[in-house]
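Asker: Single-letter residue listing:
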Amino acid sequence: MNVTLVLFLIVVGITLVITGWAARRTRTTVQFWAAGRGIKGWQNGLAISGDYMSAASFLGIAGLIAFNGYDGFMYSVGWLVAYLTVLFLIAEPMRNTGKYTLADVISYRMSPIPVRSAAAFSTVAVSASYMMAQMIGAGSLIKILIPSLDTALKPWFNWTVLGTKLDPSITLVGALMMIYVIAGGMVATTWVQIVKAILLMSGAVLLSFLVLLHFGFNLGSFFDSIAGIKDSKSGLNFTQPGILYAYGKTQVWGVDKALLENVSLGMALILGTAGLPHILMRFFTVPDAKAARQSVAWAMGLIGSFYIMTTFLGFGAATLVGKTKICATVAPKCTPNSNLAAPRLAEYLGNSFFGTGGGEFLLAFIAAVAFATILAVVAGLTLAASGAFSHDFYVNVVRTHLLHGQVSDREQVLVARITAALVGLLSIWLAARVGATANAAALVAGVAFVIASAANLPAILFTLFWKRFNTWGAVASLVGGSLTTIWLVAIGPGWTVPVNENPAFPLQNVGIVSIPIGFVLAIVGTYIGELVKADRLADQKFHEIDVRAQTGLGAEPVPVA
Amino acid sequence: MEIDRSRPSQPSASAQEEREAGSAGDDVAYWEGLEHTEEFRQLVSARLRFVLPATVFFLAYYFLLPLLNGLAPNFMRTDVVGHVNIAYLFALSQFFVAWLLAWFYIRRANGLFDRLAAAVRERAARGRRTAP
Chain D
34 MNVTLVLFLI VVGITLVITG WAARRTRTTV QFWAAGRGIK GWQNGLAISG DYMSAASFLG
94 IAGLIAFNGY DGFMYSVGWL VAYLTVLFLI AEPMRNTGKY TLADVISYRM SPIPVRSAAA
154 FSTVAVSASY MMAQMIGAGS LIKILIPSLD TALKPWFNWT VLGTKLDPSI TLVGALMMIY
214 VIAGGMVATT WVQIVKAILL MSGAVLLSFL VLLHFGFNLG SFFDSIAGIK DSKSGLNFTQ
274 PGILYAYGKT QVWGVDKALL ENVSLGMALI LGTAGLPHIL MRFFTVPDAK AARQSVAWAM
334 GLIGSFYIMT TFLGFGAATL VGKTKICATV APKCTPNSNL AAPRLAEYLG NSFFGTGGGE
394 FLLAFIAAVA FATILAVVAG LTLAASGAFS HDFYVNVVRT HLLHGQVSDR EQVLVARITA
454 ALVGLLSIWL AARVGATANA AALVAGVAFV IASAANLPAI LFTLFWKRFN TWGAVASLVG
514 GSLTTIWLVA IGPGWTVPVN ENPAFPLQNV GIVSIPIGFV LAIVGTYIGE LVKADRLADQ
574 KFHEIDVRAQ TGLGAEPVPV A
Chain V
10 MEIDRSRPSQ PSASAQEERE AGSAGDDVAY WEGLEHTEEF RQLVSARLRF VLPATVFFLA
70 YYFLLPLLNG LAPNFMRTDV VGHVNIAYLF ALSQFFVAWL LAWFYIRRAN GLFDRLAAAV
130 RERAARGRRT AP
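Quick mapping for you: the protein sequence lines, in order, are chains D and V.
All residue numbers for the first sequence refer to my numbering, where the first residue is 34 and numbers rise by one.
All residue numbers for the second sequence refer to my numbering, where the first residue is 10 and numbers rise by one.
Keep in mind that the hints were calculated from the coordinates and are not lab data.
Check before you lean on any hint, since a few could be wrong.
[Said to hold, decoys possible] Think about it this way: if two alpha-carbon atoms lie no more than 20 angstroms apart in a straight line, the pair counts; the simulated DMTMM-like pairs of lysine to aspartate or glutamate are:
# : chain 1 : residue 1 : chain 2 : residue 2
1 : D       : 500       : V       : 123
2 : D       : 73        : V       : 123
3 : D       : 323       : V       : 123
[Unchecked claim] Each pair of labels, with its calculated beta carbon distance range:
#  : chain 1 : residue 1 : chain 2 : residue 2 : range
4  : D       : 501       : V       : 46        : 17 to 25 angstroms
5  : D       : 265       : V       : 83        : 17 to 25 angstroms
6  : D       : 287       : V       : 106       : 29 to 37 angstroms
7  : D       : 250       : V       : 72        : 28 to 36 angstroms
8  : D       : 282       : V       : 70        : 23 to 31 angstroms
9  : D       : 184       : V       : 106       : 45 to 53 angstroms
10 : V       : 131       : D       : 553       : 39 to 47 angstroms
11 : D       : 434       : V       : 54        : 35 to 43 angstroms
12 : D       : 251       : V       : 51        : 32 to 40 angstroms
13 : D       : 570       : V       : 131       : 26 to 34 angstroms
14 : D       : 208       : V       : 51        : 49 to 57 angstroms
15 : D       : 459       : V       : 46        : 48 to 56 angstroms
[Said to hold, decoys possible] Far from chain V by the CB rule (all over 12 angstroms, computed), these chain D residues:
#  : residue
16 : 71
17 : 114
18 : 183
19 : 357
20 : 387
21 : 394
22 : 462
Small disclaimer: the values here were computed from a predicted structure and weren't measured.
Ideal Cβ positions, reconstructed from N, Cα and C, are used throughout, including at glycine.
Generate the whole structure from the sequences, applying the supplied hints.
Answerer: Here it is in structure tokens:
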């Protein structure tokens with residue numbers, strides 16, 4: 034048995050022990066969806082970091098910087114600054130007015146049937162695209178980093194479902210995330226995310242330390258060596274902006290295209306985080322608004338430190354390993370793969386500091402960290418997506434409002450578990466199905482964050498802060514914002530792996546167009562709703578949500594165990 | 010009494026259930042009344058005084074980075090110390106500015122905002138007791 038497999042089994046073992054422990058604390062609805070609201074501020078801060086820093090950010094950003102230099106760092110900056118939006122505008126009002134899901138807040142003043150259905154739709158759209166990216170990434174990573182595992186899994190998960198051959202690695206990730214969520218709900222998910230955050234931070238600190246050690250803790254010589262790497266196409270060195278975003282080359286609508294792409298990406302990152310259902314859900318797990326605030330503070334500390342360290346991971350890989358050697362061994366040659374920047378850096382550092390065994394061990398460690406990273410994020414996503422189906426759609430729309438029934442706690446938890454299973458199975462199948470054609474990184478930053486900012490953010494902000502906002506406006510932004518984004522991405526250049534050379538929409542990052550459209554739809558929808566006098570209650574109920582959001586009056590209490 | 014359902018000391022009914030029950034005009038009047046109290050106005054204006062300028066500032070500061078990278082690339086590529094250039098230092102400063110703003114916010118929220126919110130809750134509790 035090799036070291037990679039052992040470390041991997043340790044990660045799986047720890048998470049399963051956590052799940053077993055959590056399962057005994059997951060009986061009621063509030064335990065399943067919100068961990069009984071008993072998570073402490075600092076714990077939730079760690080869990081938010083674990084929920085947020087996906088494989089796309091750990092491996093993806095290190096790779097972007099390693100291959101493109103400075104421009105890749107732009108993602109790192111946006112991903113931290115985004116939390117100011119969350120802290121200033123969203124976190125505390127969410128805790129004060131919400132129960133389990135994003136839709137609980139948006140449907141507060143509105144007609145529950147249309148708004149909950151619309152919010153369930155946008156939640157599933159965000160979570161599904163996020164999930165696909167993680168699952169596809171997980172599949173290819175396991176094949177490359179832990180090939181022995183993939184081979185070992187083959188005879189076990191060798192199924193063909195509805196004409197699609199399932200991917201053994203993806204199936205394993207899916208099976209694990211289903212176990213966490215079904216058995217342990219939010220309690221298990223939270224602690225898996227906390228463990229992952231600790232692992233990820235230790236991995237990043239260790240690699241950064243070794244990179245600095247290599248350069249004798251001399252930042253000057255580190256940057257000298259980064260500046261020594263030249264991009265052949267532009268002639269720029271790696272410390273300079275302009276390699277990934279080739280400024281001043283082509284124009285779109287009379288403006289520099291690279292500039293538009295970069296600003297557009299920034300908009301999605303800065304505004305999207307505040308609309309990600311799986312992140313917002315975390316604020317319902319703490320006892321009160323003050324703890325919600327503290328958890329953002331902890332998360333910002335961790336997330337910021339991590340993204341600053343991407344400087345060392347990314348540039349370290351660029352200088353010490355080099356673009357040509359950041360590759361996946363697929364016989365007979367090694368094909369460049371930017372996702373492997375951090376793992377290859379770990380291998381190099383291990384070899385140079387601790388000898389051959391050290392390289393193997395560090396590579397295995399980083400592979401295990403990446404694996405834990407993926408598991409923690411997909412568990413959070415499964416929870417968010419199944420919350421939309423079971424809590425919003427089944428319990429609140431179908432059973433409560435259409436059938437006018439009372440839904441027992443038992444039934445709610447049962448339905449939650451069933452939907453989590455369905456979400457898991459569906460994503461295993463979908464990821465195997467689209468795996469070969471979709472561009473995973475583009476899915477996260479390009480679709481999930483943009484839908485979150487074009488559909489969810491206007492609906493949340495206006496619900497909380499705009500008195501006139503009503504059901505029509507909410508539905509218009511939730512559905513319209515999601516559909517506009519999906520449509521623009523589909524006709525743009527970013528959707529498929531062989532990039533579309535002549536797309537109908539010029540930009541890969543569609544946020545700069547679809548986010549304003551989302552806000553405009555919310556406003557126009559509101560005025561149309563007002564004209565047809567569709568929703569007078571929304572106006573009256575504003576007073577209540579206004580006071581509740583600001584003061585925490587009548588906020589969901591911590592249940593007595 | 011109808012209105013007692015949302016008494017803060019024993020918050021039970023969710024907004025949805027209240028809405029479902031077709032909350033009486035009393036209820037709207039109650040919340041609107043709280044909205045118009047001196048304590049609540051102070052809370053909202055204190056929050057606005059911080060959040061509005063801070064949000065405008067961080068958005069402007071953040072978007073200045075891609076804008077300068079795109080519009081003044083040669084300026085941004087200027088080395089400051091060794092090969093550390095303006096573009097990198099500016100990007101790095103974003104982290105510290107974000108942390109600093111978060112720290113300012115949390116300090117003010119833990120002190121002023123929480124105190125004012127508690128005053129509104131106190132007022133609400135008093136109002137409830139004297140209500141018929």
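Asker: Now look at each hint and say whether the structure bears it out.
Answerer: Evaluated hints:
no.	hint	in the structure
1	500/D x 123/V	violated, 24 angstroms
2	73/D x 123/V	holds, 18 angstroms
3	323/D x 123/V	holds, 8 angstroms
4	501/D x 46/V: 17 to 25 angstroms	holds, 23 angstroms
5	265/D x 83/V: 17 to 25 angstroms	holds, 20 angstroms
6	287/D x 106/V: 29 to 37 angstroms	holds, 32 angstroms
7	250/D x 72/V: 28 to 36 angstroms	holds, 34 angstroms
8	282/D x 70/V: 23 to 31 angstroms	holds, 27 angstroms
9	184/D x 106/V: 45 to 53 angstroms	holds, 49 angstroms
10	131/V x 553/D: 39 to 47 angstroms	holds, 41 angstroms
11	434/D x 54/V: 35 to 43 angstroms	holds, 38 angstroms
12	251/D x 51/V: 32 to 40 angstroms	violated, 53 angstroms
13	570/D x 131/V: 26 to 34 angstroms	holds, 29 angstroms
14	208/D x 51/V: 49 to 57 angstroms	holds, 54 angstroms
15	459/D x 46/V: 48 to 56 angstroms	holds, 49 angstroms
16	71	holds, 17 angstroms
17	114	violated, 5 angstroms
18	183	holds, 37 angstroms
19	357	holds, 22 angstroms
20	387	holds, 29 angstroms
21	394	holds, 31 angstroms
22	462	holds, 34 angstroms
The structure fails hints 1, 12 and 17 (numbered hints given earlier, in ascending order).
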